[in-house]
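**Q** Throw the hints in and build the complete structure from the sequences for me.
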Amino acid sequence: MWRGMIVFAGLLGAAGTAHADSRFFCSADDKEARFTLESGFESAAGHKLNHFRGALIVKDPAQEAVFGKRVFESQHLTNHWSRNGELLMEVFDGGEDDTGGATLDLVVVAGERGKPAGNFTGSYSLTIEGGEKPYAVEGKVSCGTK
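Each residue of the sequence shown is one higher than the last, beginning at 107 in the working numbering.
Careful: at least some of the hints might be erroneous.
Straight-line distance between alpha carbons at most 27 Å, and here's what the computed DSSO-like set of lysine-lysine pairs gives [what the hints assert, rightly or not]:
| hint | residue 1 | residue 2 |
| --- | --- | --- |
| 1 | LYS221 | LYS175 |
| 2 | LYS137 | LYS154 |
| 3 | LYS165 | LYS154 |
| 4 | LYS137 | LYS246 |
| 5 | LYS252 | LYS154 |
Simulated restraints on C-beta separations [said to hold, decoys possible]:
| hint | residue 1 | residue 2 | range |
| --- | --- | --- | --- |
| 6 | GLY200 | GLY224 | 28 to 36 Å |
| 7 | ALA168 | ASP135 | 30 to 38 Å |
| 8 | GLU179 | ALA150 | 32 to 40 Å |
Because the hints were derived from the structure by calculation, they are not lab data.
Where a beta carbon is used, it is the ideal one built from N, C-alpha and C, also for glycine.
**A** Here it is, written out as C-alpha cells:
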C-alpha cells in the first residue's frame, strides 16, 4: 500500500512539473540596440500571458530623442508564440505624446522547432516608422528559459 502511495505521489509531482508555466528571457547588445525581454506564459491551452516586461535602448543618435530608452509592459507584447523549441515575440510601441506619432516594432525569433533547449539563439528586427528618419536594423539575440 505504501509503495502504491509513493508511486502515486511521484506521478502527481511529475504531472506538476510537466505542466509548469513557461518563462523566457531574451537579450541583445550590439552597435544598434541593447534590450532585454522577459515573458511568462501559462502552460494550459491557449498559453495565456501571465508576465511580460522589457527595456530597450536604441543607440542610433538620430533615434535617441524619440526612442532612446523605452520600458515595455504587457500591453506592448502584441504577438507571441512558443512551441517545441521555437520562440517568437513581437513588441509594438505605438508611441505616446512624447514620440510625435512615431512607432517602434521589435520582433524576436529564436530557437529551432523540434529542438527545445534551455539556452538558444536567434535574431531580432527593429523598425521605427513615422519619425524624422526611417530606421530598420537586424541583429542577433540570446534567449533562455527559467
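**Q** Let me make sure I understand: some of the numbered hints might not hold for this structure. Which ones are they, in numerical order?
**A** 1, 2, 3, 7 and 8
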